[in-house]
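Undergrad: Now for the letters of each chain:
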Amino acid sequence: MLFLLAVLIGVLYGSAVYLLLRRNIFKLVLGLIFLGHATNLLIFVAGGLTSGFPAFLRGIAGETEHMSDPLPQALILTAIVIGLGVTAFALVLVYRFYQVTKTVDLDELADNE
Amino acid sequence: MTMNLIVPILLPLVAMVILIFTRKWLFFQQNFSLLASVALTLVSLMLLLDVYGNGIMSLQMGSWPAPYGITLVSDTLSAIMLLTTSFVSIVVMIYSPGFIDKERQTAGYYPLVFGLLMGVNGAFITGDIFNMYVWYEVMLTSSFVLIAIGGSAEQLRGSVKYVTISFVASIFFVAAIGIIYGQAGTLNMADLSYRMRTWNDMPYINSALMLFFIAFSIKSALFPFFFWLPASYHTPPVAVTALFAGTLTKVGIYTMIRFYSLFVINDVEFWKVFLLVIAGLTMSIGVMMAASQFDIRKILSFHIISQVGYMVMGLAIFTVNSVAAAIYFTVHNMLSKTNTFLAGGLVYQRSGSYDLKHLGGLYKAMPFMALLFFIPAMSLAGIPPLPGFFGKFFLIKGGFESGDYVITAVAILVGLFTLFSMIKIWNEAYWKKAPDGMPTNGRISRRAVVATTLLAAAVIALGVFAGPVMEISHTAAMEITNPQIYINTVLGK
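Residue numbers (the working numbering), protein chains in the order written: chain A, 1 to 113; chain B, 1001 to 1493.
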């Protein structure tokens, strides 16, 4: 499981960087989304995988070693929400950019001087 | 009163909520936001006096004991940064109504400024790395909208770059947090620092620290991650740029000082050399790129980069004197830099351009406004008795004391180049004969002049009272160089 997730994270990071380097501005946003998800998974894996145990227990004595760490999950939840907000903003921004400049080519970003 | 610690976050939040719902009442927006930033400054001043008198304060949110809950901490450095930020916000709040057009003002400019201030203040007083990330996001999200508000083509171009690079920086930050949590099992900065003292897995720690370093050096525009700043900072109205220059980039520096103090424990030699090289390159490349520009805002943007190099130099040497100098320099820079941008805005109002090729004769057209540019420009160049001189003097003194001669020589040389490019703006915009067809009768808003004068007065005051301010910086530097005090206060040992 750990190995699989590690490969998945690597693939996500790789695709994200590839997309970020494309000239199409919509692919840039996709790249940002991938980057966010790769990092969320990274936190999840770095926090330690414990399969088959819940994150919260109802006060049973001596059961604490049979629970998975809830904190990385809470962190990811926060990161997902923030990522959603930023992605939504980025999409609107890109759409406005397209409306104003009538192009999706990132080379248009260069200063026209 | 440790409850005071929550006020610098709560006050901007309340102000923001009120301002969101009264968005269309322009008069109310302008005056209420000024009032709120004055209140914020008073609160920060009280906090500074309190911390300076009674030592580091910490507040455990929700009464969760130290390493488990979120801790708010204020030491002298945090309080100094809070005070300077809120003072800059007063000036910008006086300036904005006279500079930014009505559409932008009613489109949510004021609530966004307070969103930004809430994030900045939160980052200054949090004692928890993940909470720090959240405050960074609060601040960044507000700044995304601030930089794009108005939606001109130029702004949109700048925003796309700014949003992308900021998001990438945040990703580095949050990835580093995840990795460090996985090994240390704690997010509390004091607790983490305490554990790191007995933790010798250096490759692991250093790789996480390097991720942190990349995140913060993107945010504070260090070499080689600074290209986004001059590509985006000049696009929004100059009041927004001034606010960003005075607050946003300095949060990166603050975080770097805090993290260096707490987390760089074992591999000090490596980090010192590394940061000194980065500082030297940042200083010299920033100032050289500034020399080749012709847009006032771009020259000033490249200068932000060059000046940040000085702060990192003071941090890297890491003696009490050098850190104190870096802190004093940061305060000076927040004021002087904002001031030059605002003065640049006055030039724009008079003549409708930022381009030095289209400007000239402004000394004749507006002698007082020329003085308002001259003061911070000479301060940045390091002419006594202005604060820039004292900042550089103490930094260079610190460099000589610790025997880091190369970086000190670079710092002195860069000072010379800074003077050169400030004189370039002065010669081109103010002294040269006005080119044909340059309008010299643009209406300059009285509020903008008042704000710029207030800030110029503050710059002079910072130079005149360099002794007492330096003394406070010295206390802050003592706390930074002895992180044990910070750790003990937070963990209640």
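It is possible that part of the hints are untrue.
To be verified - Okay, derived cross-link-like pairs now, SDA-like style, lysine to any residue, Cα gap no bigger than 25 Å in a straight line: (1) B:Lys1357 / B:Lys1272; (2) B:Lys1161 / A:Leu19; (3) A:Lys102 / B:Ile1165; (4) A:Lys27 / A:Thr103.
Claimed, not checked - Just so you have them, the derived chain A footprint on chain B, three or more residues with Cβ under 8 Å: (5) 1144–1151; (6) 1171–1178.
To be verified - Residues of chain A clear of chain B, computed beta-carbon distances all greater than 10 Å: (7) Leu8; (8) Ser15; (9) Pro72; (10) Val86; (11) Phe89.
Since the hints were made in silico from the structure, they are not lab data.
Note that CB positions come from ideal geometry on N, CA and C, so glycine has one too.
Undergrad: Any Cβ of chain B at or closer than 10 Å to Pro72 (chain A), or is the non-interface label fine?
TA: 7 Å, violated
Undergrad: Evaluate the condition: distance from the CB of Leu8 (chain A) to the nearest CB of chain B exceeds 10 Å.
TA: 15 Å, holds
Undergrad: So Ser15 (chain A) supposedly isn't at the interface. Is its beta-carbon more than 10 Å from every beta-carbon in chain B?
TA: Its Cβ never comes within 10 Å of chain B, the nearest being 14 Å, so this holds.
Undergrad: Verify the coverage statement for the stretch 1171–1178 of chain B against chain A, using a C-beta to C-beta distance below 8 Å and requiring 3 or more qualifying residues.
TA: holds (count 5)
Undergrad: Hinted pair, alpha-carbon criterion (25 Å max): Lys27 (chain A), Thr103 (chain A). Please report holds or violated.
TA: At roughly 13 Å apart (the allowed maximum being 25 Å), Thr103 (chain A) and Lys27 (chain A) satisfy the hint.
Undergrad: Please count how many residues of the stretch 1144–1151 of chain B have a CB within 8 Å of a CB from chain A and say whether that reaches 3.
TA: holds (count 4)
Undergrad: Quickly compare the C-alpha distance for Lys102 (chain A) and Ile1165 (chain B) to 25 Å and report which way the hint goes.
TA: Holds - the C-alpha atoms of Ile1165 (chain B) and Lys102 (chain A) are around 23 Å apart, at most 25 Å.
Undergrad: Between Lys1357 (chain B) and Lys1272 (chain B), does the CA-CA distance stay at or below 25 Å?
TA: 42 Å, violated
Undergrad: So is Val86 (chain A) really clear of chain B, every C-beta pair being over 10 Å apart?
TA: Answer for Val86 (chain A): violated, closest chain B Cβ roughly 6 Å.
Undergrad: Determine whether the non-interface label on Phe89 (chain A) survives the test: each CB of chain B must be over 10 Å from its CB.
TA: 6 Å, violated
Undergrad: For the pair supplied as a hint, Lys1161 (chain B) and Leu19 (chain A), is the alpha-carbon distance within the 25 Å limit?
TA: Satisfied, since the Cα-Cα distance of roughly 15 Å is no more than 25 Å.
Hint violations for this structure: numbers 1, 9, 10 and 11, all remaining hints satisfied.
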